[in-house]
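Kindly produce the complete structure, drawing on both the sequences and the hints.
Spelled out from the first residue to the last, the chains are:
2 protein chains.
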Amino acid sequence: MNKMGMISMRLIAGLVAQRNALCLRSWRSFSGMTISQIDEEVSKLLQLKAQLGGDEDKHTFVLKTAKGTRDYNPKQMAIREKVFDTIIRCFKRHGAETIDTPVFELKETLTGKYGEDSKLIYDLKDQGGELLSLRYDLTVPFARYLAMNKITNIKRYHIAKVYRRDNPAMTRGRYREFYQCDFDIAGQYDPMIPDAECLKIVHEILSELDLGDFRIKVNDRRILDGMFEVCGVPDDKFRTICSTVDKLDKMSWEDVKNEMVNEKGLASEVADQIGEYVSMQGGKDMAEKLLQDPKLSQSKQACAGLADMKLLFSYLELFNVTDKVVFDLSLARGLDYYTGVICEAVLTQTTSAPATQERNGPAGEEGVSVGSVAGGGRYDGLVGMFDLKGRKVPCIGVSIGIERVFSIMEQKAEAQAEKIRTTETQVLVASAQKNLLEERLKLTAELWDAGIKAEVLYKKNPKLLSQLQHCEETGIPLVAILGEQEIKDGVVKLRTVATREEVDVSRAELVEEVKKRCQQL
Amino acid sequence: MNKMGMISMRLIAGLVAQRNALCLRSWRSFSGMTISQIDEEVSKLLQLKAQLGGDEDKHTFVLKTAKGTRDYNPKQMAIREKVFDTIIRCFKRHGAETIDTPVFELKETLTGKYGEDSKLIYDLKDQGGELLSLRYDLTVPFARYLAMNKITNIKRYHIAKVYRRDNPAMTRGRYREFYQCDFDIAGQYDPMIPDAECLKIVHEILSELDLGDFRIKVNDRRILDGMFEVCGVPDDKFRTICSTVDKLDKMSWEDVKNEMVNEKGLASEVADQIGEYVSMQGGKDMAEKLLQDPKLSQSKQACAGLADMKLLFSYLELFNVTDKVVFDLSLARGLDYYTGVICEAVLTQTTSAPATQERNGPAGEEGVSVGSVAGGGRYDGLVGMFDLKGRKVPCIGVSIGIERVFSIMEQKAEAQAEKIRTTETQVLVASAQKNLLEERLKLTAELWDAGIKAEVLYKKNPKLLSQLQHCEETGIPLVAILGEQEIKDGVVKLRTVATREEVDVSRAELVEEVKKRCQQL
Numbered sequence: 001m002n003k004m005g006m007i008s009m010r011l012i013a014g015l016v017a018q019r020n021a022l023c024l025r026s027w028r029s030f031s032g033m034t035i036s037q038i039d040e041e042v043s044k045l046l047q048l049k050a051q052l053g054g055d056e057d058k059h060t061f062v063l064k065t066a067k068g069t070r071d072y073n074p075k076q077m078a079i080r081e082k083v084f085d086t087i088i089r090c091f092k093r094h095g096a097e098t099i100d101t102p103v104f105e106l107k108e109t110l111t112g113k114y115g116e117d118s119k120l121i122y123d124l125k126d127q128g129g130e131l132l133s134l135r136y137d138l139t140v141p142f143a144r145y146l147a148m149n150k151i152t153n154i155k156r157y158h159i160a161k162v163y164r165r166d167n168p169a170m171t172r173g174r175y176r177e178f179y180q181c182d183f184d185i186a187g188q189y190d191p192m193i194p195d196a197e198c199l200k201i202v203h204e205i206l207s208e209l210d211l212g213d214f215r216i217k218v219n220d221r222r223i224l225d226g227m228f229e230v231c232g233v234p235d236d237k238f239r240t241i242c243s244t245v246d247k248l249d250k251m252s253w254e255d256v257k258n259e260m261v262n263e264k265g266l267a268s269e270v271a272d273q274i275g276e277y278v279s280m281q282g283g284k285d286m287a288e289k290l291l292q293d294p295k296l297s298q299s300k301q302a303c304a305g306l307a308d309m310k311l312l313f314s315y316l317e318l319f320n321v322t323d324k325v326v327f328d329l330s331l332a333r334g335l336d337y338y339t340g341v342i343c344e345a346v347l348t349q350t351t352s353a354p355a356t357q358e359r360n361g362p363a364g365e366e367g368v369s370v371g372s373v374a375g376g377g378r379y380d381g382l383v384g385m386f387d388l389k390g391r392k393v394p395c396i397g398v399s400i401g402i403e404r405v406f407s408i409m410e411q412k413a414e415a416q417a418e419k420i421r422t423t424e425t426q427v428l429v430a431s432a433q434k435n436l437l438e439e440r441l442k443l444t445a446e447l448w449d450a451g452i453k454a455e456v457l458y459k460k461n462p463k464l465l466s467q468l469q470h471c472e473e474t475g476i477p478l479v480a481i482l483g484e485q486e487i488k489d490g491v492v493k494l495r496t497v498a499t500r501e502e503v504d505v506s507r508a509e510l511v512e513e514v515k516k517r518c519q520q521l
Numbered sequence: 001m002n003k004m005g006m007i008s009m010r011l012i013a014g015l016v017a018q019r020n021a022l023c024l025r026s027w028r029s030f031s032g033m034t035i036s037q038i039d040e041e042v043s044k045l046l047q048l049k050a051q052l053g054g055d056e057d058k059h060t061f062v063l064k065t066a067k068g069t070r071d072y073n074p075k076q077m078a079i080r081e082k083v084f085d086t087i088i089r090c091f092k093r094h095g096a097e098t099i100d101t102p103v104f105e106l107k108e109t110l111t112g113k114y115g116e117d118s119k120l121i122y123d124l125k126d127q128g129g130e131l132l133s134l135r136y137d138l139t140v141p142f143a144r145y146l147a148m149n150k151i152t153n154i155k156r157y158h159i160a161k162v163y164r165r166d167n168p169a170m171t172r173g174r175y176r177e178f179y180q181c182d183f184d185i186a187g188q189y190d191p192m193i194p195d196a197e198c199l200k201i202v203h204e205i206l207s208e209l210d211l212g213d214f215r216i217k218v219n220d221r222r223i224l225d226g227m228f229e230v231c232g233v234p235d236d237k238f239r240t241i242c243s244t245v246d247k248l249d250k251m252s253w254e255d256v257k258n259e260m261v262n263e264k265g266l267a268s269e270v271a272d273q274i275g276e277y278v279s280m281q282g283g284k285d286m287a288e289k290l291l292q293d294p295k296l297s298q299s300k301q302a303c304a305g306l307a308d309m310k311l312l313f314s315y316l317e318l319f320n321v322t323d324k325v326v327f328d329l330s331l332a333r334g335l336d337y338y339t340g341v342i343c344e345a346v347l348t349q350t351t352s353a354p355a356t357q358e359r360n361g362p363a364g365e366e367g368v369s370v371g372s373v374a375g376g377g378r379y380d381g382l383v384g385m386f387d388l389k390g391r392k393v394p395c396i397g398v399s400i401g402i403e404r405v406f407s408i409m410e411q412k413a414e415a416q417a418e419k420i421r422t423t424e425t426q427v428l429v430a431s432a433q434k435n436l437l438e439e440r441l442k443l444t445a446e447l448w449d450a451g452i453k454a455e456v457l458y459k460k461n462p463k464l465l466s467q468l469q470h471c472e473e474t475g476i477p478l479v480a481i482l483g484e485q486e487i488k489d490g491v492v493k494l495r496t497v498a499t500r501e502e503v504d505v506s507r508a509e510l511v512e513e514v515k516k517r518c519q520q521l
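Chains as they are written, first to last, in the UniProt record's numbering: chain A, 1 to 521; chain B, 1 to 521.
Think of the hints as simulated: they come from the structure by calculation, not from any bench. Because the structure is a prediction, the values reported are computed rather than measured. Treat the hints with care, since some could be wrong.
Footprint (simulated), chain A over chain B, 3 or more residues, beta carbon under 8 Å [stated by the list, open to error]:
| id | region |
| --- | --- |
| 1 | 105-119 |
| 2 | 125-132 |
| 3 | 243-252 |
| 4 | 315-321 |
| 5 | 435-444 |
| 6 | 489-500 |
Straight-line alpha carbon distances no greater than 30 Å define the calculated DSBU-like cross-link-like pairs of lysine-lysine that follow [to be verified]:
| id | chain 1 | residue 1 | chain 2 | residue 2 |
| --- | --- | --- | --- | --- |
| 7 | B | Lys389 | A | Lys67 |
| 8 | A | Lys460 | B | Lys300 |
| 9 | B | Lys82 | A | Lys284 |
| 10 | A | Lys392 | B | Lys264 |
| 11 | B | Lys75 | A | Lys92 |
| 12 | A | Lys442 | B | Lys310 |
| 13 | A | Lys75 | B | Lys516 |
| 14 | B | Lys82 | A | Lys119 |
| 15 | B | Lys107 | A | Lys161 |
| 16 | B | Lys459 | A | Lys324 |
| 17 | A | Lys289 | B | Lys460 |
| 18 | B | Lys434 | A | Lys125 |
| 19 | A | Lys463 | B | Lys92 |
| 20 | A | Lys82 | B | Lys92 |
| 21 | B | Lys82 | A | Lys92 |
| 22 | A | Lys92 | B | Lys92 |
| 23 | B | Lys67 | A | Lys389 |
| 24 | B | Lys237 | B | Lys264 |
| 25 | B | Lys460 | B | Lys442 |
| 26 | B | Lys516 | A | Lys516 |
A few chain B residues that face chain A, going by a derived Cβ cut-off under 10 Å, partial list only [stated by the list, open to error]:
| id | residue |
| --- | --- |
| 27 | Pro74 |
| 28 | Met77 |
| 29 | Ala78 |
| 30 | Val83 |
| 31 | Thr98 |
| 32 | Pro102 |
| 33 | Glu177 |
| 34 | Asp190 |
| 35 | Glu197 |
| 36 | Asp210 |
| 37 | Phe214 |
| 38 | Leu447 |
| 39 | Gly451 |
| 40 | Lys459 |
Note that the Cβ used here is the ideal one computed from N, Cα and C, for glycine as well.
Dropping the structure here:
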C-alpha cells in the first residue's frame, strides 16, 4: 500500500470520527473547528486521496483475481492439458501448422470487425505510443497475419486466450478471459472441401472428448441473406435481423419476432415469413427441397448457398459424420465477418445441468447459444479488409469453446472422485535414518541426470512416514530408500508404494529398474 | 475506417492543399478566406478529428503488430515448441506441478512490488469496473495465488507471457510481450536445499538447450545489504544503490561509481569501499574467506548470507554443477522483492554476436544484463505482502528468459539451413487420375479415423506433380496413390517420397503399413 494514501486514510478516518463525535455533542463547534470546516477538510483530504490514485477500496486490500477471470490450480491444469492434448492431436492429424500472435493488437486492427459486439473489446490505457486493444478472438489477428505476410495458403491452428468485457457466468464456463482453440484453412480451393474437413474436425474432437451426445448445426450466410431478401427485409437491415435470428436458441419465436418488429422496425408479415423458414431443420434432402421452394429459389444467393449445402453434405457422407450434422435455417451467428457456411456445435444431453440452466440465460461465448461448445464459418472477405488492394483470401475455420468443456470435465472428475495426478514424479529418494541428506541429494542428482523424474524432501532429517505420506498424496509410485547399510553395500531399497514390497537394487541398475517398473505401471 | 474520420481527413487534406496554394500565391487572401482563418478551420477540424478518436495514421491503415511484439510463424513455433518441451521435461523431472493465472491482475496487486520498474507496467483503460494491469512477471501473480488460496507448500512451474513497456530491441530478443518460464519452490524448508535445486535446474536446462558455454552467478541480498552497511551506505539508500550495482555488467565501475556519488549522493570513499567488494568473484572458498573479513564479518546479515553461501556450494558440489556457478559480489538484480540468494545465468561464448552487441546496450529482460538467459532468487516476504496477517511463505524461484534462447536457436537453424518441418503429416492421399476426389476423401477419412496424420489436396483434380511437390515442400514422407485400377484391386500404391519407391498395399493393411514405415523414419 501507498504510504501517502495510508496516512491520508488515517487522517480521514480520524476526522470522520471527530465529526461523528461532534454530531453527538449536539452540533456544537469543537476546538475552534466548525462542522462545515471539518467537512471542508474532509473533502480536501478526499480530493488529495483521489489525486494519490486511491479509490474506495484502497484501504481494504482485496485479494482476488479480476472479475470474470480465474486461476487454474494444478488439478485443473492437469485436466486442461489432457483436453488440449486431444485437440492438438486432432489438429495435427489434419496436417495443421501452428502460429501465435500477440495478446494485444493495434486498436484499429479490431475496429469494424465485430458489429454489435465491439463494445466488449478491452482497450489498453493510453500511456503514450500506440492505441492498443486485447484480442477479442483469434480470427481477426489471423486475418491480419495473413494480409501482413501476404500468405494466400495455410492450414493452421492457434490455441490462446481471448478477452471480452462480457457479463461473466463462471459457473457455466463463461469468462472474460478464455481459451479458444481455432483451426482455419485459408486459400482458394474447390468448394466445400475445406468446409467439410472443418466439420469433420469438430466431430472428431467432440467424440474423442466424450462429453455426451452432440449436434453440429450448419447454415450458410448466403441462404440467410437470400431468405431475408425474398421475405422483404430491407438490405440495410440484413445484419441486425441476422443478430436477432441468432437469439432463437435462447429466446422463443414470439420474443424474437417482437424484437424484429418493435425494436428493429420490421413489418409483422415479413417477420412471419422469416418465422416459417427458421423453423426448418433437415439434411441434404432439405437443401434439395428448398432449391425447389418457389420463393427462396428466386434468390441467386440462396440458390448458390443451397447448392453448396448439398455438396457439403455429400462430402460429410464420405467423412461419415452426417449422423450429427443438421442443416438448420435458424442458425445465424453473431459476428459480422461470415460470408458463407456457418456452423455451431451443441451438447444435447439434457442430463447436463449447466446446459439447461443456460437455456434462458444470456449469450454464451462467441455470442452463441445453449451449451455451445464449438462454432465457426467461412469468412472470405476478412483478409481483404487488411489488404490495401483488397485482395481476398477465402478462409474457413472452427473454434472449440474450451472453457465449457473444462467445466464439464471438472464436474465429471469431481463426480467420479477421480484421483488426478498433478506431477509425474517416478521415484522419491528417501531415508529412514538421520544425517543422510547429502547421500539423498547425491542419488537424486544421479537420477535427474539419467532422465528419471525424482523428488527428495527438503528436510535434513525427514521421518520415513512423512516421506511415504508424500508419495501417497501425490501418487509417486516408487521410493528409493537409503540407509547406512545400503550405502555400504552399494544398493538402494526400492519400495513399491502400492504394494509396500521392497527389494534391494544395486546402485548401477537403479535407473534401468525404475524405468522398467514405471513402464509396467 | 470510421466514416466521419475519413470525411474530416479529406476536408483537412483539402484545406491544407488550399493553404499551400495560397502560400505560393504570395500570401494573398482567396475566396474571402484568410490564411489565419484557414489555419483556424484546420485547427478546428483537427480537434474534431481528435474527438472522433482519429490519430495521425488513421487515414493510412498500418498493417503491423503492436510495437515490441511479434507474430510467431510456423517455423518459429516449431523451434519454440522444441525449447518449451526441453524446459517442461526438466521442470517435471524435478516434480513440479503447473498452474496458470490471468494475463491481467487488479492494478493494486502489482503496486509496490517492482521498485523503479513499476513505470513499465501496462495498464488497461478504465472502461468501468476494476482497474487492471497486464502482469509484469509471473512471480507476483504466483505470490497472490498462494496468499489467496492459503497455500504454504508447492513446487510449481508456469510458462506464460508477461508485459513490459520497455524500449524493445527485438533483434536482440528483447520484446514488450515475452515468455517467462518460471519454476518456484514455496515452503518452510531447511536452508539452501530448494535454492540448490533451482540452480541445478538452470544448469540442466542450459546444458540441454546447447547454447554454448554459460556461467551462473550467485549472490545473496543479505551479503549485499551487509556490505552496504559496513561500507557506510545509509539504510534508506540500500535499494537504490543496489539498483546501481546491478548495472555493473553493462557499465564500467567508473560510470557506476559516478552514478552512486553524483546521482545518488553517496560519499566517494563509501563508493570506493563498495568497489573493492564488488570486484570479487569465487566459489565456496571466497565465502569462507569473506567470513573472516574484518569489516564484512561485523555484519550479522552478511555472516548469515555467507554461511548459507557455503552451505549452498556444498549442495551444488553434490549436484555436480559447481563447474558453472560463480559467487559474484557484483550481482545485485533489479527487483525489490528479493530477500536472500539471487542468481543470474549468462552465456559466455564470445563468438555469439548478439551478446557482444548488447554489452553496452540497455538492460535486458528482468532488468538484467548482457546475454542473460535466466535469473531468479529468494523472496521470503512477497506472499506476506498479500496476507492480511502478514503470514510469510518463503519462496525461491528461477525464470528462464526464453526469447533470447529463441533468437539464438533461430539464428542457429538459419545458419545451418536446417529444414524444419512445421507439420507432422505422415501420408498424403493422392491420385494421378481425374474424378477421384470422392475416393480420396473417403480414404483420407479412414486414415484419420485410424489415427493416421493424413492430408488431401482441396482440389477436384489436382495434378500428380503438384501433389508430390506438396510432399517435398512440407516433408510428408509417404503418398497413398489411388487410381481406377487400385480401387478395383482393393489396394493403394504407397510411395516413399525420398526414394520414389512404390509398392501396392492392400487397403486393409494400409494403416499398419503407414505406422510401421513412419516408425522406421
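Open item on the list: Tell me if the interface restraint on Lys459 of chain B is satisfied: Cβ within less than 10 Å of some Cβ in chain A.
Closed with: holds, 5 Å
Open item on the list: A closest beta-carbon separation below 10 Å is what the hint needs, so does Val83 of chain B meet it against chain A?
Closed with: violated, 13 Å
Task: 8 Å C-beta criterion, at least three residues: is the region 435-444 of chain B covered by chain A - done: holds (count 4)
Task: Hinted contact Phe214 of chain B with chain A - closest CB pair below 10 Å - done: At 17 Å from the nearest chain A Cβ, Phe214 of chain B fails the 10 Å test, so the hint is violated.
Open item on the list: Using C-beta distances, would you say chain A covers the region 105-119 of chain B, given that this needs three or more residues below 8 Å?
Closed with: Per the Cβ count (5), the hint holds.
TODO: Would you check chain A against the region 243-252 of chain B, counting CB to CB pairs closer than 8 Å, and say if three or more residues qualify?
DONE: violated (count 0)
Task: Interface hint status, Leu447 of chain B versus chain A (Cβ within 10 Å) - done: Constraint on Leu447 of chain B satisfied, holds at 9 Å.
Open item on the list: With the threshold set at 30 Å, check whether the alpha-carbon distance from Lys82 of chain B to Lys119 of chain A stays at or below it.
Closed with: violated, 39 Å
TODO: Sort out whether Lys324 of chain A lies within 30 Å of Lys459 of chain B, counting only the CA atoms.
DONE: holds, 26 Å
Open item on the list: Tell me if the straight-line CA distance from Lys463 of chain A to Lys92 of chain B falls inside 30 Å.
Closed with: Distance of about 25 Å is within 30 Å: holds.
Task: Holds or violated: Lys75 of chain B to Lys92 of chain A, with C-alpha atoms at most 30 Å apart - done: holds, 15 Å
Open item on the list: When I compare C-beta atoms, does the region 489-500 of chain B have three or more residues closer than 8 Å to chain A?
Closed with: violated (count 0)
Figure legend: structure checked against the earlier numbered hints; hints not met, in rising order: 3, 6, 9, 10, 13, 14, 18, 30, 36 and 37.
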